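Going line by line, the protein sequences match chains A and B. Residues in the first sequence are numbered consecutively from 1, following the numbering used here. Residues in the second sequence are numbered consecutively from 1, following the numbering used here.
Bear in mind the hints are in silico, worked out from the structure with no lab data behind them. Heads up, a few of these hints could be off.
[Unchecked claim] Subject to a maximum C-alpha distance of 30 angstroms in a straight line, what follows is the list of computed BS3-like cross-link-like pairs (lysine-lysine):
| id | chain 1 | residue 1 | chain 2 | residue 2 |
| --- | --- | --- | --- | --- |
| 1 | A | Lys395 | B | Lys352 |
| 2 | B | Lys262 | A | Lys378 |
| 3 | A | Lys238 | B | Lys262 |
| 4 | A | Lys74 | A | Lys180 |
| 5 | A | Lys395 | B | Lys280 |
The structure displayed is predicted, hence computed values, not measured ones.
Spelled out from the first residue to the last, the chains are:
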Amino acid sequence: MELRFTGVELNFRQEVRDFLAAECPPETRAHLTSGKSPTKAMVVEWQKKLNARGWAAPEWPVEHGGPGWSPAQKYIFREELQMWPAPMPLGFNINMCGPVIIEFGTEEQKKRFLPRMRNLDDWWCQGFSEPGAGSDLAGLKTKAVLENGEWVINGQKTWTTLAQHADWIFVLARTDFTAKKQEGISFLLVDMKSPGITVRPIITIEGGHEVNEVFFDDVRVPADQLVGEVNKGWDCAKFLLGNERFGQARVGASRERIRRLKMIAKETLDGGRPLIEDPEFRRQVTEMEIELKALEMTVMRVIANETKRAGTGKPDPATSVLKIKGTEIQQGVSELLMKAAGPYAWVDGDPDAEGSNDWDVAPDWAFGLAGIYFNWRKQSIYGGSNEIQRNIMAKAFLGL
Amino acid sequence: MDFDLNESQSLLQDSIRKTLTAKYGFENRKAYMASETGWSREMWAQYAELGLLGLPFAEEDGGFGGGPEETMLVAEQMGRHITLEPWFSTVVLGGGFLRHGADAALRQEMVEGVAAGETLLTFAQTERQSRYDLFDVQTTAKKDGSGWVITGRKGMVLHGDTADQFFVTARVSGASRDRGGIGVFVVPATADGVSVRGFRTVDGQRAAEVDFTGARATHVLGDPEGGLSLVDRVVDEAIAVLAAETIGAMDVVHAMTLDYMKTRQQFGRAIGSFQALQHKAADMLVAIEQSRSMAYFATMAGQGTDAGERRRNMHAVKAQIGRSQRLVGQQSIQLHGGIAMTMEYAAGHYFKRLTVNEAMFGDTDHHLRALADAGGLVQAA
Ligand SMILES: Cc1cc2nc3c(=O)[nH]c(=O)nc-3n(C[C@H](O)[C@H](O)[C@H](O)COP(=O)(O)OP(=O)(O)OC[C@H]3O[C@@H](n4cnc5c(N)ncnc54)[C@H](O)[C@@H]3O)c2cc1C
Ligand SMILES: Cc1cc2nc3c(=O)[nH]c(=O)nc-3n(C[C@H](O)[C@H](O)[C@H](O)COP(=O)(O)OP(=O)(O)OC[C@H]3O[C@@H](n4cnc5c(N)ncnc54)[C@H](O)[C@@H]3O)c2cc1C
Chain A
1 MELRFTGVEL NFRQEVRDFL AAECPPETRA HLTSGKSPTK AMVVEWQKKL
51 NARGWAAPEW PVEHGGPGWS PAQKYIFREE LQMWPAPMPL GFNINMCGPV
101 IIEFGTEEQK KRFLPRMRNL DDWWCQGFSE PGAGSDLAGL KTKAVLENGE
151 WVINGQKTWT TLAQHADWIF VLARTDFTAK KQEGISFLLV DMKSPGITVR
201 PIITIEGGHE VNEVFFDDVR VPADQLVGEV NKGWDCAKFL LGNERFGQAR
251 VGASRERIRR LKMIAKETLD GGRPLIEDPE FRRQVTEMEI ELKALEMTVM
301 RVIANETKRA GTGKPDPATS VLKIKGTEIQ QGVSELLMKA AGPYAWVDGD
351 PDAEGSNDWD VAPDWAFGLA GIYFNWRKQS IYGGSNEIQR NIMAKAFLGL
Chain B
1 MDFDLNESQS LLQDSIRKTL TAKYGFENRK AYMASETGWS REMWAQYAEL
51 GLLGLPFAEE DGGFGGGPEE TMLVAEQMGR HITLEPWFST VVLGGGFLRH
101 GADAALRQEM VEGVAAGETL LTFAQTERQS RYDLFDVQTT AKKDGSGWVI
151 TGRKGMVLHG DTADQFFVTA RVSGASRDRG GIGVFVVPAT ADGVSVRGFR
201 TVDGQRAAEV DFTGARATHV LGDPEGGLSL VDRVVDEAIA VLAAETIGAM
251 DVVHAMTLDY MKTRQQFGRA IGSFQALQHK AADMLVAIEQ SRSMAYFATM
301 AGQGTDAGER RRNMHAVKAQ IGRSQRLVGQ QSIQLHGGIA MTMEYAAGHY
351 FKRLTVNEAM FGDTDHHLRA LADAGGLVQA A
C-alpha cells in the first residue's frame, strides 16, 4: 500500500500547470471561470494545442497518438485542466468514439479517423438516444438496411449534444429486425453533410442551445463505415458508456466550482456580513467538500484498479459510484452557487450566450448561476441516469 | 498510488481473519459479553500471541514496528467482528500517548507489558461539561513536591474498569476552555484517590466513570501546560483507526442485509427483487465505498505533521464516515424488517457499534462545524 503520489507524478503535475500557464488563452480561462461552456472556437483551438504537445488523447495507446501516461498521470491531467479551468479534450472524439474505433475498428478506419479526431479536424457527436429509447437504449428504432454496398439509414435521434457543431456522428442503428433487441444493433459512422440529415435545435430549460434532434431520411453510408461486426454494435455501446461514466466524476471541476463559490460567498453579504460567515451556509459547503475529498480517493482507487483491468476491455463497475457521487456533488455545488447569488441569480438569459449581462443588471459573477443550476439537472439523467446506475450496482455488485 | 497489500500485510490480515472467524462468531461474542469482565481474556492473550498488541510500537521499545497501514488492517478486522476487548483503548489511545508523548524510560517501562497483554491502558478525557471539546478540561493537576496530584471526574473512560494505567488530561493553569495550560498525566489505577465505577455501553463494550481525588501521577508527558497538541495528535490517529474499524463493521452488516434480502420471501418473491430496496442497498454501497476511500485518506492524513491541516483532514474523515455509517446502520435495520430489532440477531449489534463510533471523539455535526469554522478543505479562488 502506497497512498501518495510519487515524485514523478508530482513533477508531471507541475509540467501540466506550466503548459496551461503558457498555452491556455486567458480569454478562454476567464470565460470558463464565469461558468460558461467553452465556445466551439475555444475548444478547437485548445485541442489543436494539446495535440501539438501530444496530449490530446490521454486514454489512447501510444501507437495512435496517446501520451502513454500512467493512470495517475491521466488523472492529474484531467484534474489540472478542470481546475485551471481549461476546456477538456472533446469527449465525443477522445473518450467516446475514438476508443471504440481503437478497440473494434479496422486498420483503415483507424488511419482515416483517429488522427483527425485527435486534432479536432472533425467534431463528432453521439447519436444514441431516440424519442422512444432513452434509458432503454436497446429499444432504439432507427434502422439501417444494406443496399448495393451502402447502409441506408432512416429514423430519428434526439438529445444530440452539439450536433450543430458536428462534422460526423456515430450512430446506433438496428440492422437485424428479428433478433433480440440487443443483438440486432450496429455502430455506424456518418458524415453530417450526407444528404438526408436534418438537425433541429432543442432549447433546454435555461434557454441554451446545446442539444438537437437529428433526422435521418434515406441517408446513405458506405459499408466500410460500420465499426466492428454487423449486429454487434451493442458491445461498442456498452464499452463506450462505461468510459463515459468514468469521466463524470469531474473532481477537478467540482473543486474549481467550490473555490469560486467560496470567493463569491466572501463577496456577497447576508445580514450585513459575508455569506461565508453564515454557519448554516458554510456547513452546506463543507458537506460538499468532504464528499468531494472521498470521491477523489474513490477515483484513485478506480485508477489503481484500471492498471490491473487493462486489456479486459470491460469498464470497472465501480464507475457507477463515480457517476452517482460525481453528479450529486456537481449538482449540489451548482445549487449553492445559485443560492449564493441570492436575488441576482434570477436574471434570465442563456449563460452561454456571447455578450450576456451587457445591460449590467446584476454583478457579473452572479449572472447565469441559476441557468447553470437548471442546466446541470441533466447530469443525473444522461450517461445512464442515476437510477439506472443503481440498477447496475444492484445487479453487478449486490447480486440482487 | 497503490492500494494493494504487500506480502507481510496480507499475512497479518490473514492471521487475524482466521483467528477471529474461528473464535469471534456472534455466539462467542455473546458469551464474552456475558462474562465477568465483559470481554475475553482468552482472546486478549491470542491478540498478544499474534503480535497485535505490540504492533505499532518501535522495535527498540519492545514492539514490532508496524505502521498506520498495519494498524488499519487490524482495526478493520476488529470492526468486522465488533470485538469487545480493550484493543482500541490500550493500543491505539494509551499506545498513542506512549509513542508520541512518552520518554524512553516510560516506554521501556510500559510497552513490553502492553505487547504481552499484561498491561491495559486507557485515556481519561471526557468531563460532564466538555462534550467533544478536547480542550475543555476542568480536572486539575497541582504540583506537589516533585510530582503532580490530580483531582476531577472523568466520564466514558473506555475500559476504565479494567485499565491499569490512565492517561489523564488535567488543567495546570488557565480557564476551563483555554487551549493552553493542559497536561497529560499518567495515573495508575491502583493509586490512592482513584475510584472507578464500571458499566456497559450500549454497544456492548465496557467503560467507567473515574474519580481522581488528589491522586498522584507517576508521570507527566512533556510540557505540563502544553499537552493539547499531543492529545490532538493521538486523537487524530485514533479517528483514522476508528474509520477502519467502522468500514469493517459496515461491510459486514451490509453483506448480512444483502443475504437476508436474497432469502426473505414476501409476496411470493425475495424482497431483494423489489427495486425500492435495491436502490437503498445501492446507496448503502455508495456510502461504504466513499467511506472506504476516506479511511484510506485517513491513514495517510492521520500522520500529517502540519497540525492544522491534519485536524482539518480528520474532521472531514470523521464527518464523511459519520454520515455514511448512520445511513448504513439505519438502513440495514430497515431493510431487514422486524427481525433486526431483536437482540438475538446480529444486525442490531452492528448498528449499535456504528452509532457509538459515529459519536466517538466527536459526532458528525461536531466535525462538520469544526471543519467549516477552520475554512474547509478547498481554498477560495
Ligand atoms: C442535456 C442532455 C444531453 C444529452 N446528450 C446526448 C447525446 O449527446 N447523445 C445521446 O445519444 N443522448 C444524449 N442524451 C440523452 C440521455 O442519454 C437520456 O436522456 C438518458 O438516457 C435518459 O433517457 P430519457 O431522457 O428518455 O429518460 P427515460 O429513460 O424515459 O427515464 C425517465 C425517468 O425514469 C427513470 N428510469 C428509466 N428506466 C428505469 C429503470 N429501469 N429503473 C428505474 N428508473 C428508471 C430514469 O432514471 C428517469 O428518472 C442527453 C440528455 C440530456 C438531458
Ligand atoms: C417492535 C415491533 C412490534 C410489533 N408489534 C406487532 C404486534 O403487536 N402485532 C403484530 O401482529 N405485529 C407486530 N409487529 C410486526 C410488524 O407489523 C412487522 O414487522 C411488519 O409488518 C414488517 O414485517 P417483517 O418484519 O416481516 O418484514 P418484511 O415484510 O420481511 O420486510 C422486510 C423489508 O422488506 C420491505 N418490503 C417488504 N415487502 C416489500 C414490497 N412489496 N416492496 C418494497 N419493500 C418491501 C419492508 O419494508 C422491509 O424493509 C411488530 C414489529 C416490531 C418490530
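Contradicted hints - numbers only: 2 and 4
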